[in-house]
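Student: One letter stands for each residue in the lines below.
There are 2 protein chains.
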Amino acid sequence: MSKQSRLLEEERRKVNFSVEELTNIYDGGVEQTEMKRKVEAAIHNDPECRCKDVGMMTREERFNDGMRRTIHLNKVVFPREGWNAFSKELDYVLRNIGKEFCLGIHTGVFLPCILSFGSDEQIAKWLPLGAQLQIIGTYAQTELGHGTFLRGLQTVATYDKASQEFVINCPEISAMKWWPGDMGKSANHALVMAQVVIDGKKYGMHPFIVQIRDLTTHMPLPGITVGDIGNKVGFETTDNGFLHFNKVRIPRENLLCKNSEVKPDGTYVAKTKDKMVYGSMVRLRAIFLEGEVVSALGKACTIAVRYSLVRQQGELEPGKPEVAVMEYMTQQKKLLPYVAMTYATHFACLKLKKMYNIFEQKVKEGDLSGLPELHALSAGMKASVAEQCTDGIEILRKSCGGHGYSNASGIPIIWARAVAGCTYEGENTVMYLQCARYLVKCYNQVQTNRLHGTVAYLNNMNQSTCRVNKANDFQQPAVLVACFQYRAREVIKSVAMKINHLTKNGYPNHEAWNKCSVELVNVVKAHITQYIVATFASVIDELSCSPPVKTVLLQMCALYALENITLYSGDFLKVGYLSPKQCDLALEAELDLLSCLRPNAVGLVDAFDYSDDLLQSCIGAYDGNVYERLFEWAKKSPLNKTEVHEETYKYLKPYLHAGRDILEGKTKSKL
Amino acid sequence: MSKQSRLLEEERRKVNFSVEELTNIYDGGVEQTEMKRKVEAAIHNDPECRCKDVGMMTREERFNDGMRRTIHLNKVVFPREGWNAFSKELDYVLRNIGKEFCLGIHTGVFLPCILSFGSDEQIAKWLPLGAQLQIIGTYAQTELGHGTFLRGLQTVATYDKASQEFVINCPEISAMKWWPGDMGKSANHALVMAQVVIDGKKYGMHPFIVQIRDLTTHMPLPGITVGDIGNKVGFETTDNGFLHFNKVRIPRENLLCKNSEVKPDGTYVAKTKDKMVYGSMVRLRAIFLEGEVVSALGKACTIAVRYSLVRQQGELEPGKPEVAVMEYMTQQKKLLPYVAMTYATHFACLKLKKMYNIFEQKVKEGDLSGLPELHALSAGMKASVAEQCTDGIEILRKSCGGHGYSNASGIPIIWARAVAGCTYEGENTVMYLQCARYLVKCYNQVQTNRLHGTVAYLNNMNQSTCRVNKANDFQQPAVLVACFQYRAREVIKSVAMKINHLTKNGYPNHEAWNKCSVELVNVVKAHITQYIVATFASVIDELSCSPPVKTVLLQMCALYALENITLYSGDFLKVGYLSPKQCDLALEAELDLLSCLRPNAVGLVDAFDYSDDLLQSCIGAYDGNVYERLFEWAKKSPLNKTEVHEETYKYLKPYLHAGRDILEGKTKSKL
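Protein sequence lines correspond, in order, to chains A and B.
Residue 501 in our numbering sits at position 501 of the first sequence; the count goes up by one each step and never skips.
Residue 549 in our numbering sits at position 549 of the second sequence; the count goes up by one each step and never skips.
Heads up, some of the hints might be wrong.
[To be verified] Listed below are the simulated DSS-like cross-link pairs for lysine-lysine, each with C-alpha atoms no more than 30 Å apart in a straight line:
1) B:Lys470 - B:Lys581
2) B:Lys470 - A:Lys52
3) B:Lys470 - A:Lys653
[Said to hold, decoys possible] Here are the computed distance ranges between Cβ atoms for each label pair:
4) A:Thr267 - B:Lys668: 48 to 58 Å
5) B:Lys3 - A:Ala41: 54 to 64 Å
6) A:Thr667 - B:Val644: 49 to 59 Å
7) B:Gly319 - A:Glu172: 16 to 26 Å
8) B:Glu61 - A:Glu172: 28 to 38 Å
9) A:Thr267 - B:Lys3: 29 to 39 Å
10) A:Gly319 - B:Glu20: 54 to 64 Å
11) A:Lys3 - B:Lys161: 58 to 68 Å
[Said to hold, decoys possible] Far from chain A, some chain B residues (derived; all Cβ distances over 12 Å):
12) Asn16
13) Glu172
14) Leu451
15) Lys581
If you're looking for bench data, these hints aren't it; they were derived computationally from the structure.
Cβ atoms here follow ideal geometry from the backbone N, Cα and C, with glycine treated the same way.
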């Protein structure tokens, strides 16, 4: 056993709580952990399906292997294990197959969209084909020239009464569909969002099913130009594509017509708008945040914490043996707040999912009133959690020093995918401002109406100050929640007043809004951090568990909160809730917590329960055997395929031979 | 001409200062700009040497192409243009060949180290060989288990009196050399740092020349295990390597003996320590910061600003045409402060180089007293500038939305290389703490001695407050410099007092230091920001230039400062220099500046003068023709080599054919 492995074993003996108990709580119950492990074993034990290291692979190798694995999963594993797209195991299947798979948009977006937009007849036609991969679809909305601003999309579907067809066309190059996943090389159908035009009149964006490739040869159909958009930061296994339509004709029936229909004579019939489309976005966001962002942070924490416990570097006390880098306060400050963030944002995502489930129940009873709140919360969470967590992953990567920069650490690959979450599914700044609009509206209502739910804390607009006078007081959840509620309230109030002031002084609404937008983004960060701290505190409060686990979770909650107080001390001071002295106490409390949590560090990340298969990290594996793993990994470098790298030798040979002759005294050096 | 190109042309007409004049100032004079452009043309006009797009290439393709280009440069371009490693043109050669080249460590570190560590005889033997690539060397210091902590390095050089040889050996796997550039597949010699042992006694780390590969076959020599360490975030053209010694014997003469010697009988002779080794690190840091970090930020700014001026998205005013994303305040706040940061840190790097040159002069007169200050400043600059700038590049990347995530934007590739600067050449946190040690020492002296140079501002420890009472006051450089000096002084004072308090209360020095290290990092950030603002202000003050250029540079200085006030408002409030009201005024001043600078945005980045060759960006090229470039680029995706991607088709075919048969009514769907 290597020295490093021994060190990690010793660390595990220091942990003073039950890691398994904490895992069960994290998973949402013992049964969940059991189901997760069963799925994990099934995938781990299938060599065709097991995660493999991709750190040395090219983009095309990763794409090819992702396709192989996806088909194996559908063809062999699902039938063998009795799983399908609606199984309760599905979340765990997604977790345990890791990120190297294809056709994610087909399954995750194309099929659900048919259900959302199609009539019963259309669903009956397309859904079974899609569910069995007999057609493969993409969701083609984003264009080269337009992303988040949907009304700007340029692809047109002109109705031709004579033939009862729609003519799909891209009037200019920027109208080409761009980015849709699975579209580049895989999809043979696309759910295309296009502007409906009938008799020269525009009717807005509508969803169409368009076949784009031949089902025999897989060649693009006439009028279609389609391909992969090239290499990106991450998502190597996704063939994000471009798609250009040159007057492509499709039958009238291919307009998905749950919400609106075009009759054969060109009459446009609008049906009731289905608001649940927005509702399901909420659910998707909660799932995406947890599965793509929070879990990525959890993996990066696991790697960085384990590595920091076995990496010894430098003397803390002069003349004494070297210590693990975790002994340095600066290292603890880099790592442990992100472990806390993983817990805090994880429970906030679980809560968001629960809120959605309650909302869905109410919708069935005809009550849609919860939608604006839920929509705003999920937009704010999406932006704020994606930003915080992906910034954190990069800090964790750097905390691993040089090895963090190598793909061997696994963190570069984790980050490269997760960070896309700041951009897709609604660009972060747009999301911040959507949430801000709701908050400002709430603030303007609070004078006349009581607010409920996640904005109820805005009801109390009394001035007050924090009464903490020693560092330890900052460990109490109630004290921390009060800090964040006060700050959020005050920053919302301040910007709302500024907007009102501007509009009173003659600025049009949109200009006042733009002038305040920098502060509005900050408002949402304040609101969401408040939401996360309050949610985490209430989750812990309701938990029945052993005292050591409760203690460590309370410490996580406090650490997340205190890190945010230190980071945004300017806000807390400006609104007058904390004094400079109290800010110092908050930092003191945070540093105390770090020392306190340090012996439990490995237990806190072990509890996330990421297997070595999922981490794919030489420096973060469970056994701590860092250096031997790095050496074995390095040998697989593409440049090491042969002992002498032929291309290098080709260029260097004449120089080397000249050097040899000089060193052997056969010729003389000339300079 | 595309609509986007027209938009950028219109933007250029709005610029109210001479871009060429600003370029000349940025470059350090008209002659410098001319030399730069001459070198640029020579490289641009040579198709073998010209930068090419690497966004779709694999790591091995990039390495091979880098090697080809490097050899062409040495063999053909240098002789043709009359350049060599000592030409005044060299900085511009490095600038204009871009980042895709090999043998950078050989030229940039191995050769200078021979000069620093070798005796005259050794220099005469090795330098000419190296200068002509007849030997290729690496600098082998970092090991698998040890980086920044040099005393922990484990490779041993045991002197064998009988044969008058050193035996180089790695006692365990973590002792293996790891990371040295050019080592994996290129180098045939290594400058190896190893622990000298004579008769069982250790003498510390010493530099040896060790041949590692055969000069005829390029095969590793007996006892040597060497190879590439595999794929990383960036630096694809560098074969960072591993190197294991199994009792490799080298002649006694291969100990580079300028500083210490081992006599044939094993007598160890220490000569005077050459402090200039530390001095030259200062110079290297200034060059590296400018060439690898600040320039990377400048390129990212150029790309993001141009793109934001032609990318139209959404309506600012409802019902009006779409506007460029630059019209949104949130976008201006993402971009323009980093344009300002590029200018601010660029001039600070120039100043650091000048300080080094003055120091070098003084050393010749026997005066080494400036070393501690210079060393501390360069360590603090290295950490602080690398962190600020690389964080900025990532923010700029995200500001480009989806296209920023594609390699087509060029920013992912720029970032991937620049961000390594936070880790190599001294890990950032270690650098911060080195600078902090100097600052705390200065603070402790200030009670008894007057301080000079970059820490002179610590002499004034009087309490005061800022007297600003309207936003516009914050445009004055003197006001801003005073803010940053006050803040830096107070945070240094506060942490120095805390350390003193702890040691008085019985904590050993090292423990008190560790307990305060989180605050010490902040102290250095405060000191360096102060230094950058003050330097920028004094550079502008001394400049003779046209009023419009002076105005825009003053605005850049103010914007850099105000961004840092907003970011660290907590510090300014806590030390009591700014009131909450003044913090609001600072933000107001910053937002006013953004609007004011907006029409000049394209001019400010054009002035950096990065050619399209160097940017390699579809969205940031000079002509603004974003969309057509993206489409042309995408076609080159590795997945687009054939219309039908064979591997995909192979896996999907059976499903497609089943789908076809169902859709054609030949079979029925089964679900």
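Student: A separate judgement is required for each hint: does it hold in the structure or not?
Tutor: Status of each hint after checking the structure:
{"no.": "1", "hint": "B:Lys470 - B:Lys581", "result": "holds, 10 Å"}
{"no.": "2", "hint": "B:Lys470 - A:Lys52", "result": "violated, 60 Å"}
{"no.": "3", "hint": "B:Lys470 - A:Lys653", "result": "violated, 69 Å"}
{"no.": "4", "hint": "A:Thr267 - B:Lys668: 48 to 58 Å", "result": "violated, 34 Å"}
{"no.": "5", "hint": "B:Lys3 - A:Ala41: 54 to 64 Å", "result": "holds, 57 Å"}
{"no.": "6", "hint": "A:Thr667 - B:Val644: 49 to 59 Å", "result": "holds, 57 Å"}
{"no.": "7", "hint": "B:Gly319 - A:Glu172: 16 to 26 Å", "result": "holds, 22 Å"}
{"no.": "8", "hint": "B:Glu61 - A:Glu172: 28 to 38 Å", "result": "holds, 34 Å"}
{"no.": "9", "hint": "A:Thr267 - B:Lys3: 29 to 39 Å", "result": "holds, 36 Å"}
{"no.": "10", "hint": "A:Gly319 - B:Glu20: 54 to 64 Å", "result": "holds, 60 Å"}
{"no.": "11", "hint": "A:Lys3 - B:Lys161: 58 to 68 Å", "result": "violated, 33 Å"}
{"no.": "12", "hint": "Asn16", "result": "holds, 23 Å"}
{"no.": "13", "hint": "Glu172", "result": "violated, 8 Å"}
{"no.": "14", "hint": "Leu451", "result": "holds, 26 Å"}
{"no.": "15", "hint": "Lys581", "result": "violated, 9 Å"}
This entry does not satisfy hints 2, 3, 4, 11, 13 and 15, going by the numbered hints stated previously.
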